[in-house]
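Asks: Got chain A sorted already, so can you dock chains L and U onto it with the hints?
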Amino acid sequence: MTTTTPRPALHRPATDRPGPVPGSDPGSDPALTSADAYLRLVQAGPAAAVARRLGLPRPPVLRRHVPGAPLVEGPVLVLGRGAEADALAGLLAAAPAAGGRADGWDLDVHRHPTEGLRYGAVVLALTGLEHPGDLADPVLALAGVLRRLAPAGRVVTVSRPARAGDPPARAAARQAVDGFLRSLAKELRGGATGNGVVVADGVDVLAPAVLGTLRFLLSARSAFVDGQLLPVDSGAGTLPADPERPLEGRVAVVTGAARGIGAAIASVLARDGARVVAVDVPAAGEALAGVANGVRGTALALDVTSRDAGRRILEHALARHGHLDVVVHNAGITRDKLLANTTPDRWASVLAVNVEAPLRITEHLLAAGALTDAPRVVALASTSGIAGNRGQTGYAASKAAVMGMVAATAPLLAAVGGTANAVAPGFVETEMTARIPALTRQVARRLNTLQQGGLPVDVAEAVAFLASPAAGGILGQTLRVCGQSMVGR
Amino acid sequence: MTDGPGRPRRETVLPAVPALGGLYAAGARASLRARLSPAGRAAAGRPAPALPDVAHVVRGVTADADHLTAYQHLLGESATDTLPPGFVHVLAFPVAMSVMTAPGFPLPLLGMVHLANRVEQRRPVRLGDRLDVRAWAQDLHPHPRGTSVRLVAEVEVDGETVWTGVSTYLAKGVAAGVGAEGTGMGGTGTDGTGTDGTGTDGTGTDGTDPRPLPTARWRLPADTGRRYAAVSGDRNPLHLSVATARALGQPRPLAHGMHTAARALAQVGPARGDALVWTATFGSPVRLPATVDVAVARAGDGWTVTGTGRGGRHHLTVGVAPLVGT
Amino acid sequence: MTPSSTLGDPGTRVGDHSGAVPGGTRPAYVLGGNRTPFARAGGRYAHASNLDLLTAALDGLVARHGLQGERVGEVAAGAVLKHSRDFNLTREAVLGSALSATTPAYDVQQACATGLEAVVGLANKIRLGQLESAVAGGVDSASDAPVALNDRLRRALLDLRRARTPQARLAVLARLRPGDLAPEAPTAGEPRTGLSMGEHQAITTAQWGITRAAQDELALRSHQRLGAAWDAGVFDDLVTPYRGLVRDANLRADTSLEKLAALKPVFGRGLDAPATMTAGNSTPLTDGASTVLLGSREWAAEHGLTPWAAVVDAEVAAVDFVHGEDGLLLAPAFAVPRLLARHGLALEDLDLVEIHEAFAATVLCTLAAWESETFGRERLGLDGAFGTVKEDRLNVHGSSLAAGHPFAATGGRVVATVAQELHRRRAELRAAGEDRPVRALVSVCAAGGLGVAALLEAA
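Protein chains in written order, with this note's numbering: chain A, -3 to 485; chain L, 92 to 417; chain U, 631 to 1089.
With the rest of the complex left out, here is chain A (with noise of 0.2 Å):
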């Protein structure tokens, strides 16, 4: 490519450039900011002393990822016994190329509280419980320092799965971690998250997909992630050599991409360095274009539900890029009604585009082998698929259909090393929630840890973590990104 000039950004004045275009910086794109008023109003300011009186929701400011801000703002304290614990410690104090397994992270690391100091994170390593009882003294230590919890810090626990096979006290001090990070989550402040990584038996807790998932949870780019535990089921996956860029040379398709959700995961899948392949139905071809030309992607108009869309979406990725590695089914609609008042065409559609499309399109991509590279398919569910949702018996319908379709579909890709997973995002605001009455919305907004709608670039964080090489070992699980909404898990 002889005569493409290397230029970070594209040369564009912003003032007659219609519509949206997600740039390297999604957070500073109005498109993809908060619309809720309440929230920016009660987050500074006088307004904020007034709701603190009234003892009103004052909803945090979430940190979000900047690229190359620190992982972690602050001291990382690491609790927990044992060789695991030490050995999760030791990388993420070790120095970036440190050789082993994998590089350190380089982090200020503690093994003990120091009083007075201000921790931007705390790791509880509790792979090695036996018994109820050993989670007493790291949840104690860790409640001597949340209060010195950094604005906007972060909890996180490693654990390994209940099983029916172990002995009842190990499984029992293992369930007991799900139940205390969840409601450890509801406890915290200022933007704080509590999650877990369940790091299956067997799987090494220095595994790639542990790591990369410790390290997601513990970034800003989890900022709307909240009371969650993610199962890491095998040692597949790889870690990227530039965390900054972990889909450096991957080629990823997002459907439903020229607007809201799809567009924010197009821009982060690009600034994660993915070649992305943006796919919208040709009416939206303009705000399609918009969004390819700001990720510097392609744009292609098709119609999922086409019977040849995946074929296609594979045509097109093929030649233009040379391969194609990830797949992020995004496009979806929703047709809300009660089932009462549902028509044939409206559930029909409504399960065409969410479910049946993915399906059709992943199968074609699995029959004609073009997925030969660890891909990574991540498709998107919602909580209403989790918890249900008055009038949206189809559109929950299809959401949960895409959890078992993930499911079902991960072991199909992890002979080559890939895998799928969904994304389950909870109230976000996008040109679809704008649409809610007002009051509904704000109830909406308020209903999680977090007090907030999540913006759409949470979810693509979520998506991009998902689809990097490091995920391989996240087997067909749905990643619910909701601010840990009190419905449903």
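For the record, the hints were derived by calculation from the structure and aren't laboratory data. It cannot be assumed that every hint is accurate.
As the list claims (entries may be wrong) - If you only want the chain U side, here are some residues facing chain L, beta carbon under 10 Å, derived: (1) G819; (2) I833; (3) V952.
To be verified - Beyond 10 Å from chain L on every Cβ pair, some chain U residues (computed): (4) G759; (5) R792; (6) L811; (7) E829; (8) R851; (9) G857; (10) D867; (11) R873; (12) E888; (13) P914; (14) A971; (15) G1011; (16) Q1050.
To be verified - Stretch by stretch, here's where chain U covers chain A in the computed footprint (C-beta under 8 Å, at least three residues): (17) 274 to 285; (18) 312 to 323.
Where is the CB? At the ideal position from N, CA and C, for every residue including glycine.
Replies: Below, chains L and U without anything else, positioned relative to chain A:
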């Protein structure tokens, strides 16, 4: 057609090109006197006396570049340094007017109708050429509607006749003082350019040929006559405004004569060549504002341009042919 | 016909992979295209300028082909109705697009043939090795057309600027009359004849005796075929919506012969022959922009792009309509025979024939001329009639009657659409085990008696 008495023996050399405004005023006064005086009224309908045997001459006439440009732009010519044949007419016309308004000219100027015109141009006249203009009247003939007369203008450059124009006018209601020769006012029938015989009485086509399909259309707004007057200096009141036209018995101002003939010539464009015979036969005048369908067609080595009104009224036929053998 | 390629230049075949040969040529390919949907004048793009529309079409092309930040060899485009401020329209559009700011550009104008001429000129540069890639385009906005000052007002304003003293300025202003303040409306009239294009075509229509029924049938077919093409997704890879318009606004796929027959004639009413041309069988004033991506095979390969069709050759003709020799829009009737003769081809050797539908009658007059023994002998110098175009090869996805005709944008619309279709047909033939050249002819008539014809061959 200039085979009448030919050049007069006497010459009146004018010091400069006379101003047309003054000539029209003088001509109008003379016409009115003729109509109002008992002698004048008696003269109407009586044979007019013979033409004075005198030519008016102006030497060293030059074209002004801005004037030329304005003329060329108005008529649709390119603004080249070559004077369109119609522009040479514009330069020579005041001298012919001088002939028609001189004492002793037997016909009243006002209300005279331009019936036909013929121009021979032997070589192009260029900006900067010094023109010697000689004009006289000849061929006073009876016409079914009055008396026709030919005004001849000759233009010499460096002693060579480069341009000759013959304009045939009709003085309505004035009987000719010479023996009727029955030549009518068409006057162009013998020049072999193929423009003869097309409806000169203003009532439309002869009804045998289907009307030719137009190749162009003129949209002439109401101020067309004034605009042509501004570049030609020919402030014929018939062309200027509703008021002045009404004073002369026309409901609306007219576009007629050298104006439409020159437009038709411009329609042919550079294909007409440098040495040419340009003839025009005028039918019914164009009443402004007007739309005129124009048909350019091959005719032998040259072209004919026919102008027809929307209702099928024939306005003019112009012939353009290369001039050979001079 | 021999099943050989017809690239025209000895030793150069569509399939050649060789790069530029000094002193020789190599194929230039259509690699893709993008246009806005075409809007009716005063419609969705009423307030969009030529620059806006062309930039939008360019950005869509960049997005579709991943050319962000790319230095394309050259961009050439133009507009017929052009503001004086747009003296560097194409370069300004490049600067406002996602292309690299180091992409050179120039403006082209050849009336309605602007877009096709831009394709031909750039393809030739690629063939000569001067360029590896290029974008040809065209745009027109009948809505945002320039309105000129009355000549007298304009001259007075210019003189006013030159006047040095207050007295001189007053003298200039005193020249003005109220009527001078009226702007000059833009006209589609031919400067030399004062006849609008429609009036000219009406005369040609009468000369060739084209019936109203034949014109309405052609118009109906254009709408039906364009509608079917939209439904089939033909334009998914050719059009990017703009300003909320997702399809050509002029398209009336559900029109009928009855509806078309009910329309009153608008052109040719002053002629002796019956007036046959209506708003239904004439193109409306339209706003829109189109672009075509061109490149060498090497450049295409580097960018993961599949050549659709080679731009093989082109021929331009002009007719003398001023002296009534031929109809204003009949120049393609001369250009096409000359072009095909150069390649030893006849009309029946073409798989696709695109004749721009300035008016239904324009297409029908062109076909009638080609089918006329007299025209063939006397005007084309052939032994007889030039030939016939089978209806199922003519404007297969509809044309300007249905899509509309933003003058300079039409060439790009046609070239991109037909190149994609060539590519599709060649692939189909190959899949069926048949390998032969698949060719298309593109012909566009233009004001001034101009006509451009181009020969394309599936890559």
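Asks: If a hint holds in the structure, say so; if it does not, say that too.
Replies: Now the hints, each set against the structure:
1. G819: At 8 Å from the nearest chain L Cβ, G819/U passes the 10 Å test, so the hint holds.
2. I833: holds (5 Å)
3. V952: Check passed: Cβ of V952/U comes within 6 Å of chain L, closer than 10 Å.
4. G759: Since the minimum Cβ distance to chain L is about 40 Å, G759/U lies beyond 10 Å and the statement holds.
5. R792: holds (15 Å)
6. L811: holds (15 Å)
7. E829: violated (7 Å)
8. R851: holds (28 Å)
9. G857: Consistent with the label, G857/U stays out of reach of chain L, its closest Cβ about 36 Å off (over 10 Å).
10. D867: holds (44 Å)
11. R873: holds (36 Å)
12. E888: Holds: least Cβ distance 30 Å, greater than 10 Å.
13. P914: Holds: least Cβ distance 22 Å, greater than 10 Å.
14. A971: holds (27 Å)
15. G1011: Holds, since 19 Å exceeds 10 Å.
16. Q1050: holds (40 Å)
17. 274 to 285: Held - the stretch 274 to 285 of chain A has 8 residues with a Cβ nearer than 8 Å to chain U, which meets the minimum of three.
18. 312 to 323: Coverage by chain U holds here, the residue count being 4 at a Cβ distance below 8 Å.
Violated hints amount to a single one, hint 7; each of the other numbered hints is respected by the structure.
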